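Read top to bottom, the protein sequences are chains A and B. According to the working numbering, the first sequence is numbered sequentially starting from 143. According to the working numbering, the second sequence is numbered sequentially starting from 143.
Hints listed in this document are in silico derivations from the structure and should not be mistaken for laboratory results. Watch out, some of these pointers could steer you wrong.
Said to hold, decoys possible - Here are the computed lysine-lysine pairs in the BS3-like style, where the Cα-Cα straight-line distance is at most 30 Å:
| # | chain 1 | residue 1 | chain 2 | residue 2 |
| --- | --- | --- | --- | --- |
| 1 | A | LYS358 | B | LYS462 |
| 2 | A | LYS569 | B | LYS462 |
| 3 | B | LYS320 | B | LYS428 |
| 4 | B | LYS602 | B | LYS216 |
| 5 | B | LYS320 | B | LYS216 |
| 6 | B | LYS358 | A | LYS462 |
| 7 | B | LYS462 | A | LYS485 |
| 8 | A | LYS216 | A | LYS555 |
| 9 | A | LYS462 | B | LYS602 |
| 10 | A | LYS462 | B | LYS320 |
| 11 | B | LYS602 | B | LYS555 |
Unchecked claim - Here are some chain B residues the structure puts well away from chain A; computed CB gaps all over 10 Å:
| # | residue |
| --- | --- |
| 12 | GLU163 |
| 13 | VAL192 |
| 14 | ALA201 |
| 15 | VAL236 |
| 16 | ALA469 |
| 17 | GLU500 |
Keep in mind the model is a prediction, meaning the values are calculated, not measured. Glycine is no exception: its CB is placed at the ideal position from the N, C-alpha and C atoms.
Protein chains: 2
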Amino acid sequence: MPTNITAVLDQIDTDLPESLERLKDLLRIPSISTDPAHAGDVDQAADWLVRELAGLGLAARKDATPGHPMVVAKGGDGDGPHLLFYAHYDVQPVDPLELWDRPPFDPEVQETPKGKVIRARGASDDKGQMMTFIEACRAWLKVHGSLPVRLTFCLEGEEECGSPSLVPYLEANRDALKADLALICDTGLFDPETPAITTMLRGLLGEEIIIHGPDKDLHSGMFGGAAINPARVLARILADLHDDQGRVMVPGFYDGVPELPDALRAQWEGLGFDADGFLGAVGLSKPAGEAGRTALEMLWSRPTCEINGMTSGYSGAGFKTVLPAQASAKVSFRLVGTQDPHKLREAFRAFVRERLPEDCRVEFIEHGASPASVMETGHPAFEAARAALSQEWPKPAAFVGAGGSIPIAGYFKSILGMDSMLIGFAKDDDQIHSPNEKYDLDSFHRGIRSWARILDAVAKV
Amino acid sequence: MPTNITAVLDQIDTDLPESLERLKDLLRIPSISTDPAHAGDVDQAADWLVRELAGLGLAARKDATPGHPMVVAKGGDGDGPHLLFYAHYDVQPVDPLELWDRPPFDPEVQETPKGKVIRARGASDDKGQMMTFIEACRAWLKVHGSLPVRLTFCLEGEEECGSPSLVPYLEANRDALKADLALICDTGLFDPETPAITTMLRGLLGEEIIIHGPDKDLHSGMFGGAAINPARVLARILADLHDDQGRVMVPGFYDGVPELPDALRAQWEGLGFDADGFLGAVGLSKPAGEAGRTALEMLWSRPTCEINGMTSGYSGAGFKTVLPAQASAKVSFRLVGTQDPHKLREAFRAFVRERLPEDCRVEFIEHGASPASVMETGHPAFEAARAALSQEWPKPAAFVGAGGSIPIAGYFKSILGMDSMLIGFAKDDDQIHSPNEKYDLDSFHRGIRSWARILDAVAKV
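If we strip away everything but chain A, and leave its shape as in the complex, we get (with noise of 0.2 Å):
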C-alpha cells in the first residue's frame, strides 16, 4: 500500500484543534493513581482511552488488574512490524495546590514567552505525550482507512504509584502483548529542537552496609586510641571506592561496560551539549568523572558508584565524644552494557569484606539490582525513526543514553523479549510532578506529526 504521509501530516494540522479539545477532555479527569478517593477518576480515564480508542476501529478494552486497569486494544495490519504502544493514564497528585495558577484539572492553553502551553496535571506527563500517538493513528486512519503496522496499545493506570500490577500483568498476558518492537512515550527531547530516541538506560544496583565494631557507643576518652572506630573503617572503605582518576576499585566492575561505538559518539558531539550550563544549574562547574570521559558520557554510557547516603555516631547540634558502636553507607552503581548486577553485588560485598579489620564485622541489606538496557539499534527500525523524527524537528535526532532508570523498557525486553524505543516531546521545563505542569503546543502538534512520520517509516523498513 503506497502511502502518503503528506496528506496525513496536513490532517494533523487541520485537525489539530479537535486533537487539543480530545486532550482537555482526558486532562479534566483527575486520575491521580496513588489517591485512593481518586480510584474511581482513574477508571473514569480508562474507560475514556476505551472509547477513543474504539471509535478509532481498535479492538478495545479495559482488563482489571489488583489495582487500576490496563487499557489494551488492538488493530491494523500492515506489512510493517507489529509495534506495542506504552503509555499512562494516570497523573501524579497535585500538592501543593496553593502553588498552582489555575486549577490543575481545568487545562487551558495559555501564551507564554516561550509559546502556547496547554497547563494540566497531566499535561507532559503523560497524557498530553500519550495522545500525540493517538491522534497519529487518527489522523492516518481517516486518511487511509487503515493503519500501516500492526498495533497493540498497553496503556497503565499506576506508572505514578510503583506500577504494582505491571510485572504480573505482562506475565500472564505474555503472548498477547509480545511484538517486534515497543514504543514507550514517557521521555522528552534531547533540547527544544532536538528529538532524541533514547536507546540507553542504565540499570541500578543498590546496597547499604553497615560497620559494626564495639558493642556500644563507647566514650572516645577512654577508650579513644585502643578500640576500632566503625565511622573510620567505614571512611576508608568508601574512599577505596574511587582511585584518583575517578574509576571504580571494584574487581571486575568495568566487565561488560562498552565502549561507546564511534557512530554513537559522532551523534552525541553533534548534539553540543552545554556541560557548563548542566551542571552551572545546581551550583558546580567541572564533570567529576572519569578522567578523560566527556560529561555525556559520564551521565549516560559510564557506570557510577555513589554514596547516596552515610551516618554514624552523634550528628545532632554541639559535639558529642562518642566513639561510635556502627556506622552506614548507602551506595548505589549505575550500571550499563551488560553489567551483571548480581555478580557485582557479590564483588563489592567481598571488597567491603576483604576490608574489614579483627573487630569489624558488617551487614549488607540490598536494595534492588537491574541490568543496564541497551536496545539492538541495529533493528532497521531505530534508523528509520530517527530520520523520520529529523524530517520533523530542526535538528537532527540523536539515538541518546538516560541516567537514570525507566523500568518499563526493562520489563519488556526481559518479560516480552522485544527491545524499545523511546520517543517523547516532553521538556525540560515542563514542571512534571510540580505545579502548574505544562506542554508546549509545538510538542503537542510535532508530536503527533513524528508519530505519523515514524509509522510511515517503520512500516517500510
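Fit chain B to the known structure of chain A by using the hints.
Below, chain B alone, put in the same frame as chain A:
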C-alpha cells in the same frame, strides 16, 4: 615535728564506725546540683561541710557564687608544702529511680560477694572520696593536735552541672587559693589492689566539617557521574587522616608528643593491664591504635583522631537515589604532651582544604580546644605520695594516665600555676552516675589511711 604515722593509722581504724556515720550524714543530703529544686539541699551540704571543717579547727567558710557555693577552709602550720585539696560535694540526679534497690539518699552498709559497700547516691562520686581526706585530717589532728602541712580546702558544689562558677571563682581568688600543689580526690584505683596517681590527662580538640557540593540534593540517575558527590569527598578526607599504621597524617600532628619516659614505661608494664579484658568488655579483641604501641599507651600517652559523627544524604529506611548536597563529620583529637590545640586546628583545616576538589567548599565549626595536662612529677611530693600509697595497698602505686579530660587539673595549672596529684579510691564497678551507686568500705577505710600516709610523706619532702 616528729610524727607517728602508726598512731594516726590506729586512730583511723578505731574511729572508722564514726567516720562512716559522718559520711552517711552527708549522703542523706540530696545535693543534686543540676536540679534547681535541690538548690537548698546543695546549700545545706555546704553548711554541713563548713561545720565539719570548723569543728576540726580550720577557718572554714561558705563563699557565694552565681550558682552553688564554694566551701573554703584553711589550716595547718606544718613545715611541709602548702597543699590545696579539691573535691566536690554535689551529686548526680538519681533517675531512673525505679532501678534503685533502695532510696538513693538513705545510705546503708551492705554485704556483697566482694565485701562491704556503702550504697547511696554520691557514696563514691564524690562525697565518699572527699570524706577520706577530711577523716584523715581529723585523725591526724586527734593524735597530733595539728596538721603537718599548710592546707587549703576548695570544695565545689557544681561539678556535676558543668562547673559554671569555677573558673571565675578561681580567677577572683588566685591569692587565697594558690598553693604549692593540689590534691584532687575524684579518680579511681587502677585496679582493686593497685592505687594510682593520675599524672597525664589528654587534651581535646573538636572540629566539625561540612563539605558542600551541588546547591541542592540531586537525582543520582540524572546527575550521577558528572556531579561531584560531597559524601565521597568527605570519605576520602576522613580516610586520609590515618595511614595504614594508625598514625595521624595531619602535618605537624606529632609535634610536642613525647616518648614515654623509661621509668613510667616500666611502671605501666608493671601494672599488668588486661587489654583483652578491657576490650573484651565492649566486644572487641585487638588494640586498634598506632602499630607498635601498647594498649595503655594508646589510651593514656598517645594522641588520637576519632570520627565522632558522620552524616550525609538519606539515612532513613529503604533507599533514595539522592546525590547529597552536603556531607558532614564531627572529628575530635585527644592531645598529649605539649601538642598545641590551636595550631592543630589550623593544620587540620589546611589538611581538609588541600583535599577539596574545585566544586566543593568547606565550612568549619569549632567545638573546644584544651591542651593535655601533664603533671611535673619531678616534684618530690609525687614520689613521696606514690611510696605512701604503695605501703597501704597490696600492690605498688603507679603514675597513670587518663584518656579523658578532668578540667579542674587544667584550671589549677593555668589559673593557679600549680600541678595536681589526682588520687582517688573509686572502683570501676562503683556505678557512679547510675542507679545503686556504691563505695567499697575498703576504699573508704584504706582511702583515709592512704591520705594520712600521704600527708605524713609529703610533709617530709
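Exercise for review: Would you check the hint for LYS462(A) and LYS602(B), treating anything up to 30 Å between C-alpha atoms as holding?
Suggested key: Violated: LYS462(A) and LYS602(B) sit about 44 Å apart, past 30 Å.
Practice item. Assess, step by step, whether the Cα of LYS216(A) is no farther than 30 Å from the Cα of LYS555(A), and give holds or violated. Key: holds, 20 Å
Review point. Taking only the CA atoms, is the gap from LYS602(B) to LYS555(B) under or equal to 30 Å?
Key: Since the Cα atoms of LYS602(B) and LYS555(B) sit roughly 24 Å apart, the hinted pair holds (cutoff 30 Å).
Review point. Between LYS462(B) and LYS485(A), is the straight-line Cα distance small enough, at 30 Å or below?
Key: holds, 22 Å
**Study point:** Beyond 10 Å from every chain A Cβ - status for GLU500(B)
**Key:** violated, 5 Å
Review point. Would the pair LYS358(A) and LYS462(B) pass a check requiring their Cα atoms to be no farther apart than 30 Å?
Key: holds, 28 Å
Check your understanding: Is LYS602(B) within 30 Å of LYS216(B), Cα to Cα?
Key -> Roughly 20 Å separates the two Cα atoms, so the pair holds.
Review point. Do the alpha carbons of LYS320(B) and LYS428(B) lie within 30 Å of each other, as the hint requires?
Key: Since the Cα atoms of LYS320(B) and LYS428(B) sit roughly 44 Å apart, the hinted pair is violated (cutoff 30 Å).
Check your understanding: Are LYS462(A) and LYS320(B) close enough, with their CA atoms no more than 30 Å apart?
Key -> violated, 33 Å
**Study point:** No chain A beta carbon within 10 Å of VAL192(B)'s
**Key:** holds, 34 Å
Practice item. For the pair we were handed, LYS358(B) and LYS462(A), check the Cα-Cα distance against 30 Å. Key: Roughly 28 Å between the alpha carbons, so the hint for LYS358(B) and LYS462(A) holds.
Check your understanding: With d taken as the least Cβ-Cβ distance between ALA469(B) and chain A, does d exceed 10 Å?
Key -> The claim breaks: ALA469(B) does not keep its Cβ more than 10 Å from every Cβ of chain A (closest is about 7 Å).
Checked against the numbered hints above, the structure breaks hints 3, 9, 10, 16, 17 and satisfies the rest.
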